[in-house]
Structures are given as C-alpha cells and as structure tokens.
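Student: With the hints as constraints, model all of the structure from the sequences given.
There are 2 protein chains.
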Amino acid sequence: MFNEIKTHEITVDIVILTIKDDALQALLVKRNNEPFKDKWAIPGGYVRMSENLDEAAMRVLKEKTNVDNIYLEQLYTFGDPLRHPVSRVITCAYFALIRAEDFDVVTTAELAWHKVSDLPPLAFDHKEIIQYSLKRTRERLEMCPVAYQLLNEKFTLTEMQKAYEMIMEKKLDKRNFRKKVITTDGLRELNEFSKSSSKRPARLYTFDNIKLNSKRAHFIKKETKC
Amino acid sequence: MFNEIKTHEITVDIVILTIKDDALQALLVKRNNEPFKDKWAIPGGYVRMSENLDEAAMRVLKEKTNVDNIYLEQLYTFGDPLRHPVSRVITCAYFALIRAEDFDVVTTAELAWHKVSDLPPLAFDHKEIIQYSLKRTRERLEMCPVAYQLLNEKFTLTEMQKAYEMIMEKKLDKRNFRKKVITTDGLRELNEFSKSSSKRPARLYTFDNIKLNSKRAHFIKKETKC
Chain C
79 MFNEIKTHEI TVDIVILTIK DDALQALLVK RNNEPFKDKW AIPGGYVRMS
129 ENLDEAAMRV LKEKTNVDNI YLEQLYTFGD PLRHPVSRVI TCAYFALIRA
179 EDFDVVTTAE LAWHKVSDLP PLAFDHKEII QYSLKRTRER LEMCPVAYQL
229 LNEKFTLTEM QKAYEMIMEK KLDKRNFRKK VITTDGLREL NEFSKSSSKR
279 PARLYTFDNI KLNSKRAHFI KKETKC
Chain S
79 MFNEIKTHEI TVDIVILTIK DDALQALLVK RNNEPFKDKW AIPGGYVRMS
129 ENLDEAAMRV LKEKTNVDNI YLEQLYTFGD PLRHPVSRVI TCAYFALIRA
179 EDFDVVTTAE LAWHKVSDLP PLAFDHKEII QYSLKRTRER LEMCPVAYQL
229 LNEKFTLTEM QKAYEMIMEK KLDKRNFRKK VITTDGLREL NEFSKSSSKR
279 PARLYTFDNI KLNSKRAHFI KKETKC
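If you read the sequences in order, they're chains C and S.
Here the first sequence stands for residues 79 to 304, where the numbers follow the working numbering.
Here the second sequence stands for residues 79 to 304, where the numbers follow the working numbering.
It should be emphasised that the hints constitute simulated quantities derived from the structure, not laboratory data.
All of these numbers come straight from a predicted model, not from anything done at the bench.
Accuracy of the hints is not assured; some may be wrong.
Since the list gives no way to pick out one identical chain from another, each pair is judged satisfied if it fits inside one copy or across any two copies.
When the alpha-carbon atoms are kept at most 25 angstroms apart in a straight line, the in silico PhoX-like pairs for lysine-lysine are as follows [what the hints assert, rightly or not]:
# : residue 1 : residue 2
1 : Lys117    : Lys98
2 : Lys117    : Lys273
3 : Lys115    : Lys84
4 : Lys84     : Lys108
5 : Lys277    : Lys240
6 : Lys232    : Lys142
Tutor: Written out as structure tokens, the structure is:
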C-alpha cells in the first residue's frame, strides 16, 4: 500500500470563455488521439519537465489554438484517479475570460466556439472543469466587476448588465444592478454617449483599471482585489 | 525536446493558520528526511495513485499532525522546475483557517505553531506558499467575512476587527470598519453582552452561516460566496 508508484502524468487544460452572439462561449478543440478521439475538449497537453505550470499552459494554448499573449489564471487542479480512462493523469486547469476580437482565433472544423449552455459531449471531466470555471466566475461577479474583461473599453450600463446576466444565467433587476454597480471602484462615468439609431443615446462608462485580457495589456499580471 | 519524460512526482502541502497569542500562526513540522532535513516545513507528502487530491491532503495532514475532520480548501498548485533540489515535484497546496481550540493539536519539538510574521527558515518554497495563502486570505477579507472562521461563535465587533487587523497586517479605522461590517450578510446582532471585568460590556454578534472549520460542522463543504 505504501509502495504505490508516486509519479503521475501532469497536464494543463485551458478554459477560454468569451461572449459571442449574445451567449457565453467556450473555445474547444476536437481531439485527434485516443482516448476520446474525435470528441471535443478544452485545449490541453502534457507539462514538460523543464517548464513551470504557467509556461506549460501558455505553450499548450498557443500550440492548440494559436492564441498567444494572454493572461491565464490558474483555476484548480483536478486529480480524481478515474478522470482518465487509461492513465493516472492530474490536470492543472487554467482560465481566461477574453474579448474574442482581441485575439486572432481562426476557427476550423477542429477548433470552435461552443455555447456553454449547449456543450457537445466532452472528453474526460472537461464539462466539470468548464462548470467549475463558471461557478468561480459567478462567485467573483458578486464581488467585483470581473465582467469588464468582456466589455469594450467604453460601455453602457445596459451592456454591463447584459454581460453579468449572461454569466450569472439570470435576469437582474435594473434598478438594483445600477445602484450597486455605480459604487464600484474604478468605474468612471464619461461625458460621452452611445450612438445607436434605434434608441436614445445612453451614457458611456469605462474602467480605470488595466484590462487584464486585452492585447493592450499583454502579460500584465496585475494584482487584482477580485 | 519533445521526448522529455512526462511523469512527475506530486505532493500535497497543507497550510494551517490560526490566531494564537494575539498573532497569526502557521502549523509547521520539522522534516526528518533529506532534503532540508531538520528544517521546518508545512505538513506535506506524496499523492498516492489511488486517491484524489482532497483525500491525499486529508490523509497527509492526519499523518503529520493528527488533525482530522477539517475542511481543507485547495489553494494553488506550485510547479516551478527548481522548487525541489533533486526531483521534479509539483505540489498542490491546501489551506485552512481554523480556531486552534477546535482541534487537538498536540505540539512537540517536531510540530509547532510559528508566527507568520517571524517564520524560521523553511524547506523548499514553503515560505512562498504561506505568503500566497496570506495574500489570498487578505483579498477575500476585503469582500467577505472569512475571518469569522477564526472567531468564537459569539464575538464583539472589537474582536472581529482585531482578527481582520491581524490578517491584513494593518490598523483599521474603527468607525469605517463598523460601518462596513455591519451590513455584512449573515451578521446578526445578539441581545447579549460580553462579560469583561476591566471594560464596559460590549454587544455580542454572531454569524448565521455555518462555520466551515469548526468541529461543529465536520466536512460540510458549504458553497460559500466568498
């Protein structure tokens, strides 16, 4: 019992979420090897002996999706002995919320965005990993404006509320939302208004914080309070 | 380059923090094996093939400290290739804030509480791991009353402020602290007062939430918003 082999295979898996076509979507790759050949999965791969976990996550993401220059956050490490059907593989999951237009994601038959509300069957425990990333994002959302990572630099409060609603998967009361959000650290009212032909112009807001996941701020590992 | 061995040794390391003698303290064990023989370390050990990471953390903590029935939270996975002087060892760190009197920690020459403000030289990257656990606790403290895990069931606002100050490592303004904290979800004013001979009685408060790390709530993995 005490002589069990102590070495394990270690992978990194990367959850990339965005808002696209009015839905929260995850970037998935189609597996071309067994196990789970031809099933969709979040991008992942083995950690090399010479790299740390952050480096492994960046490299694997680049290799699998060509997405580069992104701030990935370590999400959680999943180590159920049965999570891989053949080997003992522990995976360290990473996570980013991005604005898809900031990155050149060239989708193909093997690399595509999928609505998180309508995921195809996924390899391994990848559905659980995506669910965990959503859960953590929702928890944070109640405390800090993580959704700004998904917004344009200037946005209306309606756009902000929509982003929150998509992640929280519930409708929010407009009046309460505004009352709460208006006190958010770093939120700044602009003397500019949205130009929309159909509606009356709405005031624009911005965040004074640096955007974590935009190309404008490559690799700035900001210490957020969130 | 692509043929690097893909298996790694995996450990769990467990940061246990408490408030004791008016200071934030970490539970450390003295190593009796190389590397770092006779140096202090946070309790840790290898993950077995047949157990998941939570199980490994609970088992290792029990073996090394006899602390049992505790809700451990996964903190972060540390995987720097140079963190272990001999092997490639990735460690998944776990974390708990506890009230020491709820657990039977029998300290010895090889198992002791150490003030986090005055740690001895530690093995591996264990100082960094403790620092990370403090950083994350501080971040949370700004958002939710995580410190209640360190308080008695009934407490005065002064006691609560002291717990916050110890973790934040700074003095807080009494008036602002009270204004902010009084709106906390779940904080309930009691019709009871502290009995202290030297001072005038102070009102007691309680949290309606279940205490995560008390023996009264073994293993209740509550979904907190924190």
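Student: Could you run down the list of hints and mark each one as holding or not?
Tutor: To see whether the hints hold, each was checked on the structure:
1. Taking the shortest Cα distances, lysine 117 and lysine 98 sit within 25 angstroms of each other inside one copy (22 angstroms), while across copies they are farther apart (53 angstroms).
2. In this assembly of identical chains, the alpha carbons of lysine 117 and lysine 273 never lie at most 25 angstroms apart, being 43 angstroms within a copy and 65 angstroms across copies at closest.
3. When the C-alpha separation of lysine 115 and lysine 84 is checked against a cutoff of 25 angstroms, the pair qualifies only between copies, where the shortest distance is 21 angstroms, while the shortest distance within a copy is 28 angstroms.
4. Taking identical chains as interchangeable, the C-alpha atoms of lysine 84 and lysine 108 lie at most 25 angstroms apart only when they sit on different chains, with a minimum of 22 angstroms there against 31 angstroms within one chain.
5. Taking the shortest alpha-carbon separations for lysine 277 and lysine 240, only the intra-copy value of 16 angstroms comes in at or below 25 angstroms, while the best inter-copy value is 52 angstroms.
6. Proximity of lysine 232 and lysine 142 under a CA criterion of 25 angstroms is satisfied in neither setting, with 32 angstroms inside one chain copy and 53 angstroms between copies.
When each numbered hint is compared with the structure, violations occur for hints 2 and 6.
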